[in-house]
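Peer 1: Just so it is clear: in the sequence shown, position 80 is 80 by the UniProt record's numbering, and no numbers are missing.
Honestly, the hints are just simulated from the structure, not real lab data.
Just so you know, even glycine gets a beta-carbon here, dropped at the ideal spot from N, CA and C.
Don't take each hint at face value.
EDC-like mimics (lysine to aspartate or glutamate), calculated; alpha carbons at most 16 Å apart, straight line [unchecked claim]: (1) K60 with E21; (2) K40 with E2; (3) K34 with E118; (4) K114 with E85; (5) K82 with E21; (6) K34 with D91; (7) K48 with D91; (8) K48 with E85; (9) K72 with E21; (10) K34 with E2; (11) K3 with E85; (12) K32 with E94.
Simulated restraints, written as ranges between beta carbons of each label pair [stated by the list, open to error]: (13) T139 with E59: 37 to 47 Å; (14) N120 with L55: 47 to 57 Å; (15) K3 with T144: 14 to 24 Å.
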Amino acid sequence: AEKHAGVSCVTASMDDIQFEEAARVGQIIAIKTKVNRAFKTSMEVGIKVTVQDVLTNAEKIVSVAYATYVAKPVGARTVELKPVELLSAEDHLEHSLAIERRRIRLGYVQVFQKLMQESNKEGDFYACEEKDAVSTEHTHVQSTELVLPPHANHHGNTFGGQIMAWMETVASISA
């Protein structure tokens, strides 16, 4: 993202991440990224993770994801991103699909906000009457983490992946 923008960028969002294959000890992981489309100040970056078995040379897709980055120049300066130069049929396809994924992302935010407003109304509590139900009181877990230099990028911002790792650890305890 920063190579395309020429300025610092921050992660605004990551689409749903699903893992199709496990990466095992001794295997080689390859992570490939590219900017699919640049908007005014944000861009979509496609991420493809593959794993290769060193003994068989078999390669499998671990995950495909899309991240949205926002250009954040230093100070009050604003920046408008340059368009992406499309070199292949795949580039054209991803460029076209990026606008649709963006539309879905923005729509999701609106739907989620509406859902949260509706769920916060008085009297919308669901009473579970099953005898084996587990109280949310017993699944509440809280963690406090100290951000250390290895957890941050060259701008001093905590890596999104580090935060996701902490979130996953705490969620797995709750589950």
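Peer 1: Hint by hint, note whether the structure agrees.
Peer 2: Comparing the hints with the structure gives:
For the suggested pair K60 and E21, the alpha carbons sit about 7 Å apart, so the restraint of at most 16 Å is met. Simply put, K40 and E2 have alpha-carbon atoms about 15 Å apart, close enough for the 16 Å limit, and the pair holds. For the hint linking K34 to E118, the alpha-carbon distance of about 38 Å lies beyond 16 Å, and the restraint is violated. With a C-alpha separation of about 37 Å, the suggested pairing of K114 with E85 is violated against the 16 Å cut-off.
With a CA separation close to 35 Å, the supplied pair K82 and E21 exceeds the 16 Å bound. Under the criterion of a C-alpha separation no larger than 16 Å, the hint pairing K34 with D91 is consistent with the structure, at around 9 Å. Between K48 and D91 the alpha-carbon distance is near 14 Å, which keeps this suggested pair within the 16 Å criterion. A C-alpha spacing of about 20 Å is found between K48 and E85, which places the hinted pair above 16 Å, so the restraint is violated.
This hinted pair does not check out: K72 and E21 have alpha carbons roughly 35 Å apart, beyond 16 Å. Of the pairs offered as hints, the one joining K34 and E2 holds, with about 11 Å between alpha carbons and a cut-off of 16 Å not exceeded. With a C-alpha separation of about 14 Å, the suggested pair K3 and E85 falls inside the 16 Å cut-off, and the hint holds. Taking the CA atoms of K32 and E94, the gap is about 14 Å. The hint holds against a cut of 16 Å.
Our hint of 37 to 47 Å for T139 and E59 holds, since their Cβ atoms are close to 39 Å apart. For N120 and L55, the hinted distance range of 47 to 57 Å is satisfied, since their beta carbons lie about 55 Å from each other. The given range of 14 to 24 Å is broken by K3 and T144, whose C-beta atoms sit roughly 35 Å from each other.
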